[in-house]
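Numbering (full-length UniProt numbering) for the sequence shown: 1 to 399.
Keep in mind the hints are simulated off the structure, nothing from the lab. If you're wondering where the values come from, they're calculated on a predicted model, not measured in any experiment. Since no wrong hints were added, every one of them can be taken at face value.
Capping the alpha-carbon separation at 27 Å, the derived lysine-lysine pairs in DSS-like fashion look like this:
#, residue 1, residue 2
1, Lys387, Lys141
2, Lys337, Lys361
3, Lys375, Lys385
4, Lys112, Lys168
5, Lys361, Lys112
6, Lys168, Lys385
7, Lys112, Lys5
8, Lys387, Lys375
9, Lys168, Lys141
10, Lys168, Lys387
11, Lys112, Lys141
What follows is a list of derived Cβ distance ranges for each label pair:
#, residue 1, residue 2, range
12, Glu299, Pro267, 20 to 28 Å
13, Gln266, Asp149, 37 to 45 Å
14, Glu299, Leu268, 23 to 31 Å
15, Arg90, Gln330, 41 to 49 Å
16, Ala133, Ala30, 43 to 51 Å
17, Ala20, Tyr105, 25 to 33 Å
18, Gln370, Asn317, 31 to 39 Å
19, Pro22, Glu236, 25 to 33 Å
20, Thr248, Thr62, 22 to 30 Å
Beta carbons: idealized from backbone N, C-alpha and C, even for Gly.
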Amino acid sequence: MATEKARQLLARLAATPDAAVPNLPFLHRALLLPLLSAASAASALLRLPVILSSSPLRSRRTLPVPVISVGNLTWGGNGKTPMVDFLARRFHAMGVSPLILTRGYAGGDESKMLRRRLADTSTKIGVGANRAAVGSSMLQKYGHVDPCDAFCREKLACNRVASGKSAKIGVAILDDGMQHRSLLRDVEIVMVNGLTPWGNTHFIPRGPMREPLSALTRADIVVIHHADLACEAQLETIARTVQDSGTTCSVFFSKLAPSHIFEVHQPLQRLSLNVLDGIIVLCVSAIGCPDAFIHTVREIGPLNVDRLDFSDHHFFNDYDLELIQERVRQLVDQHNKQTVVLVTEKDYDRDPDFLRMLGLKVWVLSSSLQIMPLKEQGEDELLRKLKDIITATRHVVQP
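Kindly produce the complete structure, drawing on both the sequences and the hints.
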């Protein structure tokens, strides 16, 4: 309990802009913020040699298949894992079997979610901190397709068939790969949270920044996520900041679109979203951007929405169980209506057994990333851009 409260406090301080610092409690201003600022400065100094060296090509590992990195400049809630899921499905539909390489951070909730969601595709998932070694091992196990065979337009048109799990690997996707500089990549996709793009602009732990904005010059593609929740002026400001960083990359826009609901005891179930009509919903989440989750649920239209937010990647415990149960009892007494607990897929896959032990009706909201057709930059344009970059870097000859 104490650890979780400390993590939530650090997250709040990291989200606090400089202009709002005078409004913080005295102890936070006098003690915690100076410590966090000092830690941020030390962290930036430690990263400086890596930034200056730019990881010389000769010191970086390569894979015999195209590598697409999906990453970000800030921590949490940027849509990296939904984008990885999106890309894996699109490559599978093209007849190109994808390999996802992920670190498996904090219990591996993202890798568990990807494994479940992509079980009906030819996707393979490799988990480990040394993604070059994991990738090499997986490629040795399953074999790989020559890029000329995988990405030639003529062969793509002929190969759009469902591939089994034994299919040879045609592309590797790095989940959270931007700071994983030891592995060469063909395409660098950077995800940006459209609601809080750069936070307070401070480095971790005083703020959410993992790298300076100048790192955007490494990007081939920037995707502004949660674009449906941001106003047009905000999106214009973000796009302008990206261009002002010196990059010449393409900018796309995405959103998380809810598709269905399933009950925690029946993950293969597909309930319509309108099952939320006329009921009370308690949203419980431990994710990077809970506000987007809450907004999505409210748009679906339940009678009332309450929330319990935990820090990103938090593992629920006995205290949380009692807290959730008590909040549900309060909502039932207050509204005299059926109340359900609603969680995200990431929360479900982190610890489904905990959710089953609640003794309550617990549902899971399933959502998928969609590319929004803004500024003539839709899904077709994104996939075309990916293929153009890969065919250029891998010298694929088009007929």
